[in-house]
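Participant: If you're matching them up, the sequences are chains U and W in order. When you line the first sequence up against my numbering, it's residues 1 to 266, in that order. When you line the second sequence up against my numbering, it's residues 1 to 308, in that order.
The reader is advised that the hints may include incorrect statements.
[What the hints assert, rightly or not] Derived CB-CB ranges, DEER-like: (1) U:193 - W:14: 29 to 35 Å; (2) W:62 - U:170: 56 to 62 Å; (3) W:271 - U:129: 21 to 27 Å; (4) U:176 - W:202: 39 to 45 Å; (5) U:129 - W:14: 52 to 58 Å; (6) U:111 - W:271: 26 to 32 Å; (7) U:218 - W:4: 57 to 63 Å; (8) W:117 - U:96: 36 to 42 Å; (9) U:11 - W:40: 52 to 58 Å; (10) W:228 - U:11: 19 to 25 Å; (11) W:270 - U:253: 37 to 43 Å; (12) U:193 - W:70: 53 to 59 Å; (13) W:83 - U:130: 51 to 57 Å.
[What the hints assert, rightly or not] Stretch-level coverage of chain W by chain U, calculated; a stretch enters the list once three of its residues show a Cβ under 8 Å from a Cβ in chain U: (14) 107-113; (15) 129-141.
None of these hints come from the bench; they were simulated from the model. Positions of the beta carbon are idealized from the N, C-alpha and C atoms, including for glycine.
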Amino acid sequence: MARSFDIRAQPGFATIAMFTFFLLYLPIVTLVAYAFNAGNSIAVWEGLSLRWFVSAANNDIVQQAALRSLIIAVFAASISTVVATMAALATTRTKPYRGLTFKYAFINQPLMVPEIVTAVALLIFFSRIKVWTGYSGLGYLIAAHTAFCIPFAYLPIRARLEGMDLTLERAAADLYATPWKTFRRVTFPILRPGIIAGFMLAFVISLDDVVITEFVKSGGQDTLPTYMLGQLRRIVTPEINAIATVFLAISVAIVTVFFFLNRKKA
Amino acid sequence: MASAQETARGAERQDIRNRWLLSAPALIIIFLAAIGPLFIMLAYSFMAKGDYGDVKFGQFSLDGWFSVFLQRDIFDDTVSLADAHLTIFWRSVRLSLATTVVTLLLGFPTAYFIATRPAHKREVWLFLVTIPFWTNLLIRTFAMQEVIRNEGVINTTLLMLGVIQRPIQIMYTDTAIMFGMVYVYLPLMVLPLYAAMEKLDFRLVEAAYDLYAGRLQALRRVIIPLVKPGIIAGSILVFIPSLGAYVTPRVLGGGKNLMLGNLIELQFGQGRNWPLGAAISITLMVIVMTALLLYVRSATRGGAENNG
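Here chain U stands alone, though its shape is the one from the complex (with noise of 0.2 Å):
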């Protein structure tokens, strides 16, 4: 037989695709490597060091800010799951309704709209009523955020349930448990890796927000992505580097567990 003849194989798709996945980590792999450098450019590397992962760790500033991100991130993934939860219960495993589409449009349309249209629209409502309330807290920002937090929860719940069917409930319906009951001891026990994930996506999605929080924002309340925002600004030291270096292991966690749990379930 001659040499075999691939089907799949399109000529250089595999080189380009190598160079993709060079061009996705080269920039990465930089801001990270820069991090650990001694010296006070993140231009010139003058050898190894943790000094500016120390220094990132002993800003006052820095501290808050994550401190901040970390309350808004785990108030608006917690509301937005719960409540994205409930969403998902009201528009799966059922015949249409009216009103049913009306629904997902609205769920979804956090996804729809670009941010900055949001951030200013938010900007000008939230600006009004700081006038009318006085209040200045950092409610406006994890209202903001829990609203744009809801469809990314919602979407792998709703997945989820759609997997399920309604037998079990329908069994414990028969049993005389209660429709709280049900919830308790059947779909959610079912529906928990869905949430998991639910709540996982929003948590990552809310720390990682700069556009809406940067808007919404008062005086005195950066996040950590709005500081380094405000940072790049002037004379950036690997401080930066360390700091996002440190963001990006968080990131890259949560998303490798998500990954890991989802693929459990496939």
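With the hints as your guide, set chain W onto chain U.
Facilitator: Chain W alone, transformed into the frame defined by chain U:
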């Protein structure tokens, strides 16, 4: 019998009511902190601008909308096109299109490469695409800056190799913005392309070769038409966020090379022209929504054709 039917209908009505109650919190939150403010912004775009930002509340004016594309000469009141705004609109559209094309040229072979790996290896490659996707957008933009700066990886390498004598200025140009957007949005192109290619039936490709098609012909006449929905989905997913990009042009464009997102911010900051900012925002939103609607319509029509 009638009563049984009525009970059933009653139960159904009860079920639907419960479903509305269950979804109410999510709908209310999204209404209050996402959709509602858009309507307030629409109202603001029709008000007179305040002297120090904000608006003169309740005072009707079309100035905001007028200034989106037009300007009035301060001396003789002649109306002309607002060149500065048109330049920014054009730059946004041009850079977004360029980003879409480049991500497609890189993403198509990459997605194809992943889709043609053995099943157990695909997941790993896919995971490698997903990781940058879930990394903070600002961090990825900053990482791009590390590569294209005058002292960055590209320039240092080229200088060392002696290809160039002094660094090429990439930062703070339109090219820098495009590089950044390609980098940031590339996974959004690869993932839907992969989803389409994973389902590709290679027996059809084999049939093409049996009929004496060359590689290029098989690609052009069989593979590309079959994965077209993925190409369209990827292009939409890249084009839309590019058009509304804010962080990438702000960091890599350096204040001079504005895109629509930065023009909007400017009106709410130094520009102190909230009605104009609101009007541009709504214009941007309408463009994006139209693109999405066209896509949804073509996708559903495509689906119907495939079923028919």
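Participant: Which hints from the list above does the structure break, by number from lowest to highest?
Facilitator: 4, 5, 13
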